[in-house]
Amino acid sequence: MGQITLNQITKSFGDVQVIPPLDLRIDDGEFVVFVGPSGCGKSTLLRLIAGLEDITSGVIDIDGKDATEVPPAKRGLAMVFQSYALYPHMSVRKNIAFPLRMAGLDKAEQDKKVNAAAKVLNLTDYLERRPGQLSGGQRQRVAIGRAIVREPSAFLFDEPLSNLDAALRVNMRLEISELHQTLKTTMIYVTHDQVEAMTMADKIVVLQAGVIEQVGSPLELYHTPRNRFVAGFIGSPKMNFMMGAFSAEYDAATIGIRPEHISVSHTEGKWSGKVGVSEHLGSDTFLYVDVDGLDDPVTVRSTGEVAFRHGDTVHLTPDADKIHRFDNQGLRIA
Amino acid sequence: MATQHSRSAARIMMAPAVILLLGWMLIPLTMTLVFSFKRYLPLRGGDLGWIGFDNYVRFVSSSAFWPSVQTTLIIVGGVLVITIVFGILLSILLDQPMWGQGVVRILVIAPFFVMPTVSALVWKNMFMDPVNGLFAHLWKAFGAQPIEWLSDASLFSIILIVSWQWLPFATLILLTAIQSLDSEQLEAAEMDGAPPLSRFAYITLPHLSRAITIVLLIQTIFLLAIFAEIFVTTSGAFGTRTLTYLIYQRVLESQNVGLGSAGGVYAIILANIVAIFLMRIVGKNLDT
Amino acid sequence: MARAVTTRRKTINTVAAWAIGLLIFFPILWTILTSFKTEAQAINDPPLFLFFDWTLENYAVVQERSDYMRFLWNSVIIAGGSTILGLIIAVPAAWSMAFVPSKRTKDILMWMLSTKMLPAVGVLYPIYLLFIELGLLDTRIGLTIVLMLINLPIIVWMLYTYFKEIPGEILEAARMDGATLKEEILYILTPMAIPGIASTLLLNVILAWNEAFWTLNLTAAKAAPLTAFIASYSSPEGLFYAKLSAASTMAIAPILILGWFSQKQLVRGLTFGAVK
Ligand SMILES: Nc1ncnc2c1ncn2[C@@H]1O[C@H](COP(=O)(O)OP(=O)(O)O)[C@@H](O)[C@H]1O
Ligand SMILES: [Mg+2]
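Just so you know, the protein sequences line up as chains A, B and C, in that order.
Each step along the first sequence adds one to the number in our numbering, with nothing skipped, and position 51 is 51.
Each step along the second sequence adds one to the number in our numbering, with nothing skipped, and position 267 is 1267.
Each step along the third sequence adds one to the number in our numbering, with nothing skipped, and position 32 is 2032.
Note that these hints are calculated values from the structure, not bench results.
Among the clues, some could well be false.
Dumping the calculated BS3-like pairs for lysine-lysine here, alpha-carbon to alpha-carbon at most 30 Å [to be verified]:
| hint | chain 1 | residue 1 | chain 2 | residue 2 |
| --- | --- | --- | --- | --- |
| 1 | A | 107 | C | 2182 |
| 2 | A | 94 | C | 2164 |
| 3 | B | 1284 | C | 2264 |
| 4 | B | 1284 | C | 2222 |
Chain A on its own, in the form it takes in the complex (with noise of 0.2 Å):
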C-alpha cells in the first residue's frame, strides 16, 4: 500500500506562505515527480509528506488514514536525501541496517535483509566501508538501500542525483526506474530537471511557487501544458513563445511552439530570418534563427545533417496543429 493524499494543506514560514491550500491525491505504485524551478516549495512538500515539517492547516491521509499527527518514523515512509545523509561514523552495513536495528528486528534478520539490499544494489564488496569510502554513485545506493529495507509503503527522494556527474546520473536514473519495477512501490521523486521528470514519472507535478500548476502523465504535459509556465518548463530545448501580430493571426495572446515543431527551409517559409548560432549534436542540430519582428531568437530543432550557417537567411514553417495557443491570462486555449 501506498497511497497519499493531500487535502488542503498549506504551509508557512512564519509570515511567509510557502504552499498555499493545495490539494494532490497520489495512488499506489505509481512514480510521482515534483519538478519546478529551484525554490518553488518541492523540498517543503516532501517534507510536509515525510513528517519533518508540520503542516500548517489542511490534512495528510496515508492509506486511508489520517497521518497529520503521525511522527516521521511511524508514516511508514522512506526519504533519501539530496545529501544522501549517510551515518559518517557507521559501515555502510550499519548505515543499511540501522532503520531494521531501530525497528528491533534480530541481528540474523537484519543481516538477512542487509544483504539482499546489497545483492540488488551491488554493495555486497562495500559492506564493511565507511561512507567516506565510496564514490557519490555508491554513496547514492547505500542511502536507498537505507530506504528499501524497511519496506516503506512510500519512497521520498528529494534531489537525489544532483550531486552526481551526468553520465552517472543517466546511470542512476535508470537504476532508480529499475527499482520502481522491480518493486512496484509508490515512489515520489523531488528535482528541478524536467529531463529527469520526463523519463522517470507516471505522473508529473509541476509546482511553481507552491502552486500546482499541473498534474498530469509526461506526454499529457508535453502535449497539452495548461498554462505557459508549463509549456515553457516541460520540453528541450524550451518551446519558443510569439506575440504580436504572429499570435494575432491565431486569435491568442500568445502562442508557443516547440523546436521540434518547426520546419526551416532555404528557399520557402511562413517567417523569414537569419541564423545566429547553430549547435550540432550529431544526431539533432539546434539553430537559433533570429526572425525579423520578434525580440528572441527562435529555436528550431533540425535533423543532424542540414547545413546552415551563421548569417544563411532561412525560412520557417510551424507545424500548425502543433501550435500552442494561450490568452492573455496564459491559461491554453483548446
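Place chains B and C with the ligands on chain A using the hints.
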C-alpha cells in the same frame, strides 16, 4: 527542520540548563541584594534588620575602599599592558618561520595550565623569597641587597605573577588572529615599498585590533576576580587588597555580610559593564 | 608564507623564540627540577641546575605526610564529575540550539555566556549560606555542582559550535529511520560529535581542575582538592621547597599534559568564538 514535536522536545531539553543557570544566577544574586540592604552580622546577632543604603554608603566611604579600587586598577591595568604588549610581540615572533615552532608554542602556553595556587606559591617561595629565593641568589651574585619582593614591591610582584599566568592566553589568541592575516596583504604592502614598521602599524595592528579588544575584555573580567594569587601570597597585606579581596574579607573574615554584599553588588555592576561590551562583540560574531 | 626565508633569518628567529620560550617556561622547569633535590640542595646558593643528587624522596614524603592521594582523588572526582555532569546537561541543550533554533536561541546563548562573567565574590556569602543549609559545605558533591554550574555556559557554547557543523539532514534521516530522540542523540549525534565532545571535556577538566575560588572557600578538609592542598603550603614550617615542588609537580603535571593537547579548543572555548 522543525515540527511542533521537535520544538517542544527542544524546549524540554534546554530546560535543565536554563533552569539551573537561572537558579545559579538569580537565587544568590537576590540574596546578595537583600543582604546588602540589611545589617547582617552572622556572628554578632545575625540579621539586625533593614538599613537602607547604609551599607553602600559605608562600603564606599570606608578607608579601605579607595585604596582597594586603586590596587585593583593598578593590577588589572598593569597585567593588561604587560600581557597585551608582550603578547603582540611574542605572537609576531612565534608566527615567523623557525625550527621547533611546536615545542616553543608548548613552552609558552604552559603557564596558563598551572593552577593559580601553585604558581603563586612557587613564585612567592622559590623566586621571591628574600633569603632563599632565586632572585635573592641572583641579586647577591651581583653584590646587591636582595629585595623583599612581596612586602616592598608587593604590587609589582603580584602583577608579575599574574602576567606570567595570562601572557600565554593573550599570546595564543593573538597568534591565532595573526595566522588568519592574509600574507598577500603584507607582501602587497612590501611591494608598495612600506618598511616593516609601517607594515606593522598599518596592516598587522589593525588586523589584530579585534583580537586585542577581546583579550582586553576577557582578561579584565578574569583579572577583576583574581583571588588565589593574593590569598596565597600576601593575604591582602602590603597594599595588595583588591576590591574582590576586600569584599571577601568583609564577608568571610569580619563576617559583616551586609557590608560585603553591598561591595558584591558594586563588583557585579563593574563586571557587567565590561561584560556588555564583550557580549556585543560576541553577539555580532554569532550572526555570521 | 609561501616565501623562502634565509637560513640566517630563520636561525635568529629560532634562537630568540627558544630563549623567550624557555624563559617563560623556566618557573615550571625549576619547580620540576627542585622536586628531585634534597631540601638543602633546593636552597643552595649558587642554585644547582642539573648536577645534584637526584632523589624521589620528596614525592614519598609528600604522599606520606599529607595524604596527597586523597586531594588528588578529590580533584579527579570534582573536575571529572563536574565536566561529565555538565556534558549530560549541555548535550541536549546544545542539540536544541543547534538543530531547532528559534528567534530566542541567540539571546539564550548570550545570556548563558554572560552568567560566566558574574563575579564569584559577589555571591560568595549566599552560596556559602546555602551550602551550610543544604549540608553541602566541604563535600565533593557540593563542589562538583558549583564547578559544573560555572563551566556549564562554556560547555553548552562549545558543544553548540561543534553541533552546528553537523548537517541536520543526517539527524532527520535517523528520525525517518525510526530513531527516537534519545536514539538520535545517542547513536547518531554523539558519535559524530566525538572529537568536539572530547575537546570540550578536555578544556573543562582543565578549568575545573585549576579553579581556585570556590575550591578554596567551600572546602575545609574532607573535600579539598589539590588547589586547596597546595594553598596549605603557604604557611610552612622548616625547609620545604623540595616538598612544595614535588607537590606542585604532581598537581600540575596531569593538566599540563592535557593542556598541550587542547590549545586550539582553548581559543574556541574561552573567546566564545570571537577569535577564529
Ligand atoms: N526552514 C525554513 N524557514 C523559512 N523559509 C524556508 C524554510 N525552508 C524553506 N523555506 C523557503 O521556502 C521556499 C521553498 O523552499 P524549498 O522547498 O526548499 O524549495 P525547493 O526545494 O523547491 O528548491 C523557499 O523560498 C525557501 O526560502
Ligand atoms: Mg529542494
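Practice task
Could you check the structure against the hints above and give me the numbers of any it violates, in ascending order?
Solution key: Violated hint: only 4; rest satisfied.
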